[in-house]
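Student: Sequence:
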Amino acid sequence: MNLPVRVLQIGMTHNIGGMETYLMSQYRKLNREIVRYDFLNITGESQIVFSDEIEQNGDSIYAVPSRHKSLIGHYWSVFKLLYKKRHEYKYIVLNTCSLYYVFPLFVAALVGIPHRVIHSHNSGDEIAESLPRKCLKCLNAFLLKLSATDYWACSKLAGKWMFGKHPFQIIHNAIDTPKFIFNPAIRNRVRKKLGIEDKFVVGTVARFSPQKNHEFLIDIFKEIAAKREDAVLMLVGDAAGFQDRLKMIKQKVRAYHLEDKVMFLGMRKDTNELYQAMDCHVLPSKFEGLCITAIEAQAAGLPCICSDVFSRETSVTELFQTISLNASSEKWCDDIIVCGDVIRQNMQEKIVLAGYDATTEIEKIEDAYCR
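Quick note, in the numbering used here, the sequence shown goes up one by one and the last residue is 425.
Keep in mind that the hints are not guaranteed to be accurate.
As the list claims (entries may be wrong) - Just the calculated beta-carbon pair ranges, DEER-fashion: (1) 239 x 210: 21 to 27 Å; (2) 320 x 238: 22 to 28 Å; (3) 403 x 138: 42 to 48 Å.
What the hints assert, rightly or not - Using 25 Å as the maximum straight-line C-alpha spacing, the simulated DSS-like pairs for lysine-lysine come out as follows: (4) 199 x 134; (5) 404 x 385; (6) 306 x 253; (7) 233 x 276; (8) 188 x 199; (9) 247 x 138; (10) 253 x 276; (11) 144 x 199; (12) 276 x 304; (13) 247 x 83; (14) 246 x 281; (15) 247 x 233; (16) 123 x 138; (17) 219 x 276; (18) 233 x 385; (19) 214 x 418; (20) 340 x 246; (21) 219 x 199; (22) 281 x 253; (23) 199 x 210; (24) 247 x 199; (25) 404 x 210.
No wet-lab data here; the hints were simulated from the structure.
Owing to the predicted nature of the structure, the values given are computational and were not obtained by experimental measurement.
Beta carbons are placed, not taken as given, at the ideal position from N, Cα and C, and that holds for glycine.
Start from the sequences, fold in the hints, and give me the full structure.
Tutor: Structure, rendered in structure tokens:
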């Protein structure tokens with residue numbers, strides 16, 4: 055009997071974000087006799103999410119000091135680990151939103167790990183590019199040419215942004231579709247628990263980073279609240295690393311006197327049920343690769359109003375609509391309010407046909423690792 059292919063995944067953090075959701079959707083669907091995932095935690099001062107589940111399954115999580123804690127300690131620890139484990143892994147995969155860090159792939163090339171994958175998950179940079187950052191990206195692009203054997207992206211937009219003219223393969227950010235399918239009983243239970251049974255619920259699932267553009271969302275909701283007294287805004291997401299932004303958003307909510315209408319729910323593990331409670335999912339992002347929450351919302355039969363920077367691959371149902379970021383908050387408001395009349399439906403078949411269902415897509419992933 056052949057041993058399973060061992061894959062070392064990099065990209066999980068302590069925050070339940072799109073990348074973490076994507077990796078765990080794959081992880082839970084893997085045929086473990088064919089492929090096994092272990093994880094490298096590059097900010098070892100805090101545990102990655104789902105660490106208990108991963109370790110209970112007998113898979114490994116290797117923690118190294120973060121670069122911010124100890125630059126030399128980080129690089130040395132990564133080198134030692136990959137040198138020691140070089141014969142155990144056929145693949146190492148760096149899931150990333152930028153080219154500011156590719157060191158593990160370079161080390162993997164030095165120590166002889168056969169397949170070294172860079173997987174782009176974004177289509178823009180939320181940090182202003184200073185001259186040192188531009189130089190770092192140029193250096194890493196050069197190191198990538200020396201070390202990466204496979205280029206993957208969550209969408210065409212994300213691939214072209216990160217890799218330019220270099221060929222790449224699209225790997226869909228697939229989801230565990232049945233968890234998200236609309237269920238009236240769940241909707242009623244969650245809305246009752248949150249005290250929003252008779253409300254028009256606008257929601258977003260997104261971390262409080264500049265990319266997600268919460269400040270404009272508050273402007274939009276101000277217009278909605280003026281037209282619908284029953285409107286509430288549900289903000290789901292972590293503020294780790296962006297506490298100042300969260301504070302600024304809360305100040306803006308107070309300035310608009312919306313404190314009793316805006317719910318800050320923080321990081322949650324039940325987002326699949328929170329989608330059920332919403333009437334519209336709104337994402338005025340400044341840029342996106344392939345936003346997995348937009349796919350999840352559509353799977354839940356939820357109207358999804360997004361900025362026009364989203365990749366075309368995100369539109370997998372008729373529920374997906376884009377509006378220009380240059381449009382007024384009034385325009386966004388009017389399009390969102392219409393969503394209150396949408397009748398929720400089962401969207402499982404459309405998600406599967408579009409290639410975003412983890413159960414059907416996992417075979418493609420396994421084939422990629424076993425080739």
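Student: Confirm or reject each hint.
Tutor: Hints, verified against the model:
no.: 1; hint: 239 x 210: 21 to 27 Å; in the structure: violated (38 Å)
no.: 2; hint: 320 x 238: 22 to 28 Å; in the structure: holds (26 Å)
no.: 3; hint: 403 x 138: 42 to 48 Å; in the structure: holds (47 Å)
no.: 4; hint: 199 x 134; in the structure: holds (23 Å)
no.: 5; hint: 404 x 385; in the structure: violated (28 Å)
no.: 6; hint: 306 x 253; in the structure: holds (22 Å)
no.: 7; hint: 233 x 276; in the structure: violated (32 Å)
no.: 8; hint: 188 x 199; in the structure: holds (17 Å)
no.: 9; hint: 247 x 138; in the structure: violated (50 Å)
no.: 10; hint: 253 x 276; in the structure: holds (15 Å)
no.: 11; hint: 144 x 199; in the structure: holds (19 Å)
no.: 12; hint: 276 x 304; in the structure: holds (13 Å)
no.: 13; hint: 247 x 83; in the structure: violated (31 Å)
no.: 14; hint: 246 x 281; in the structure: holds (24 Å)
no.: 15; hint: 247 x 233; in the structure: holds (19 Å)
no.: 16; hint: 123 x 138; in the structure: holds (23 Å)
no.: 17; hint: 219 x 276; in the structure: violated (42 Å)
no.: 18; hint: 233 x 385; in the structure: violated (32 Å)
no.: 19; hint: 214 x 418; in the structure: holds (22 Å)
no.: 20; hint: 340 x 246; in the structure: violated (33 Å)
no.: 21; hint: 219 x 199; in the structure: holds (13 Å)
no.: 22; hint: 281 x 253; in the structure: holds (13 Å)
no.: 23; hint: 199 x 210; in the structure: holds (20 Å)
no.: 24; hint: 247 x 199; in the structure: violated (52 Å)
no.: 25; hint: 404 x 210; in the structure: holds (20 Å)
Violation of the numbered hints given earlier is confined to hints 1, 5, 7, 9, 13, 17, 18, 20 and 24; the remaining hints are satisfied by the structure.
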